[in-house]
Amino acid sequence: MPPSFVVVGASLTGATAAATLRQDGFDGDVTLIGAEPHPPYERPPLSKQYLRGESPFEKALVRPVAFYGEHRIDTVLGVRATRVDPAKRIVHLETGRRVHYDKLLIATGVRNRRPPIPGLDLPGVLDLRSVTDADALRRRISSGARAAVIGMGFIGCEVAASLRQKGVDVVAIEPAATPLFRVLGKDVGAVVAAIHRDHGVETIFEDLVMRFEGHGRVERVITKRGRHVECDFAVVGVGVEPVVDFLAESGIGIDNGILVDEACRTTVDGIYAAGDVANHWHPVFERRMRVEHWQNAMQQGAAAARSMLGTGQPYDAIHWFWSDQYDANLQYAGFHHEWDRLVVRGSLERRSFVAFYLNQGRIDAVVALNRGKDVRRAMPLIRSRGLVDPERLKDENVDLRPLAPAPTEGGQ
Amino acid sequence: MNARSVTVAKKADIKPGELASFEVAGRRIAVANADGRFFAIDDTCTHEQCSLAEEGTLEGTVVTCGCHGAQFDVTTGAVLAPPAPEPVTVYRLRVDNDDLVLEI
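Keeping their order, the protein sequence lines are chains A and B. The opening residue of the first sequence carries number 6 in the working numbering; numbering runs sequentially from there. The opening residue of the second sequence carries number 280 in the working numbering; numbering runs sequentially from there.
I should point out that these hints are in silico values taken from the structure, not numbers from a laboratory. Be aware that a few hints might be false.
[To be verified] The list that follows gives simulated cross-link-like pairs (lysine-lysine, DSSO-like), each with its CA atoms no further than 30 Å apart:
1) Lys289(B) to Lys378(A)
2) Lys294(B) to Lys399(A)
3) Lys290(B) to Lys93(A)
4) Lys191(A) to Lys229(A)
5) Lys53(A) to Lys290(B)
[Unchecked claim] Some but not every residue of chain B turned toward chain A, in silico, with C-beta under 8 Å:
6) Phe317
7) Ser330
8) Glu334
9) Gly348
Ideal Cβ positions, reconstructed from N, Cα and C, are used throughout, including at glycine.
Just chain A, same shape as in the assembly (with noise of 0.2 Å):
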């Protein structure tokens, strides 16, 4: 019998990683195991281009159609995985099927949060995660129609963003000051809001959604400061969780996702995770994320894959991503969670800086706004874990790129 490498979630991670597989040379059975009916797809043009209708589906495809029978990758799509026997080393789906695996990979990523609202289930609410609800959504759009979008985190900005570009009018509700305010804090939270007011969002900050209210479908926001916005429908992003419901009986360890360590391992032999669902540790950091991003999506799938077949190297990725929002490109290196210190190279006023979060001196993260090279420059910063002088990140006559110390014992 050929060995069996089975991945469960096709998604960007789960089918970078059987490509990965069979790019350096696997020759046992792959299994593709996706809960939506589409091929493997990538998320970023959902609540972007896709959402205004500027790129076909056929462009967010991980790999063309035709790649995964031409590569023997059988792919089983549609179906949700259940449960997971580490013992027998089977993964049950929801058809009945069980399918045996030699190795394992869990790429199920997360899901939206369904906040306990009353009126939540209301036609015409609506979130966004999948093509699906993307176009579900763009059925929605049409000039002169009135939206409330919920939250105003990366997808509610690019979201509310697409909108008013396809001439909807929108009103934002966010609970916290400012968008973005938990990641990136209130200082480059509000050049966000002020770049959303001036292409003709109406912003409301400090309040949260009481219930939707309507009569065979929403016809208002009603929020908790007692405001009433009448809308055509609502967006809903307010936060994800990680999808690992199926695994509560594995003994996997899972918090906040499944724990792996730099190689992609959980705490089960055979079983590895990756993508917005594992909590992986990292050795640049030295401390355990869980990020959505892309690139990580793509980069820690193919590490995961490597490592199945045991010519990983561990996986320490600075990551990486980025936002659109009309023509504001805003991108983010790193992991920051707090920080002690803000120093900000550029102008915030003029919307264009890098801000750099430090801790103790040293770099945890950076953000930017049309400074697409200052962050490309700032990750050796952020990899080397020295300290910095901030009086010569903020002077933008100095070159970033000497200021990353050379690299000592155990640095890459």
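Here the structure of chain A is known, so what remains is to put chain B in place on it, guided by the hints.
What follows is chain B alone, placed relative to chain A:
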């Protein structure tokens, strides 16, 4: 049609590790100084049409688009990292004394 020689810049105008772009024959072309060796490619990223010279970064012979991180090999135009779907065109560039001369 015969190739045309166009002097686009002096060698000294583009420092090692830097890119500059020029409008030549209706096309936007990026010239890279890869640690002393010069290469010319289309300046426009094939993903979302960002300028590689303006916001891109050059490390060795790899240019990274400043918008969404796509990477190209400046010597061949090949895509080294997504999201770029297609390679960029490479142009012949020769160094003539202090001049950078594009054959187009």
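Query raised in the report: Okay, which hints does this one fail, numbers in order?
Result: Violated hints: 3, 5, 6, 7; rest satisfied.
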